[in-house]
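Asks: Sequence:
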Amino acid sequence: MIVRLVAPTAVFFPCGIAAAVAVTHLNTLPAFVVIAPGYMVQAWLFETHRALGGFGYQVTMVGVSALVWTLIIFSLASAVRLLRRLVR
Numbered sequence: 001m002i003v004r005l006v007a008p009t010a011v012f013f014p015c016g017i018a019a020a021v022a023v024t025h026l027n028t029l030p031a032f033v034v035i036a037p038g039y040m041v042q043a044w045l046f047e048t049h050r051a052l053g054g055f056g057y058q059v060t061m062v063g064v065s066a067l068v069w070t071l072i073i074f075s076l077a078s079a080v081r082l083l084r085r086l087v088r
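Mapping the sequence shown onto this note's numbering, position 22 (from 1) lands on 22, and the numbers just tick up by one.
In short, the hints are calculated from the structure, not lab data.
Beta carbons are placed, not taken as given, at the ideal position from N, Cα and C, and that holds for glycine.
Check the hints yourself; a few may be wrong.
Unchecked claim - Ranges of calculated distance between the beta carbons of each label pair, as one might list FRET restraints:
(1) LEU86 with MET40: 27 to 35 Å
(2) LEU29 with VAL80: 24 to 32 Å
(3) LEU29 with PHE74: 22 to 30 Å
Please model the complete structure; the sequences and the hints are all you need to start from.
Replies: In structure tokens form, the structure reads like this:
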């Protein structure tokens, strides 16, 4: 079985860049929406006394946000593909 990782990589890196920029601009609503998944994970880690500080805090927020937004984009793309197949 051949696994193609070109498309996920091509989507993950721009999402990661957007999340990294959003971490530094958390005073705007669009930036908070982009970084919200990572913020929720970091809040959960804080509540369970496993929170990361410093650079780990930023890596967690950026990494989780990039992963979640990549999965959202691919979920929407597959839903559109399925709908197009059903309409034909």
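Asks: With reference to the structure, classify each hint as holding or not holding.
Replies: Hint by hint, here is what the structure shows:
Between LEU86 and MET40, the C-beta spacing of about 33 Å keeps the proposed range 27 to 35 Å intact. At about 27 Å, the beta-carbon gap between LEU29 and VAL80 stays in the expected band of 24 to 32 Å. Take LEU29 and PHE74: their Cβ atoms lie about 25 Å apart, and the range 22 to 30 Å holds.
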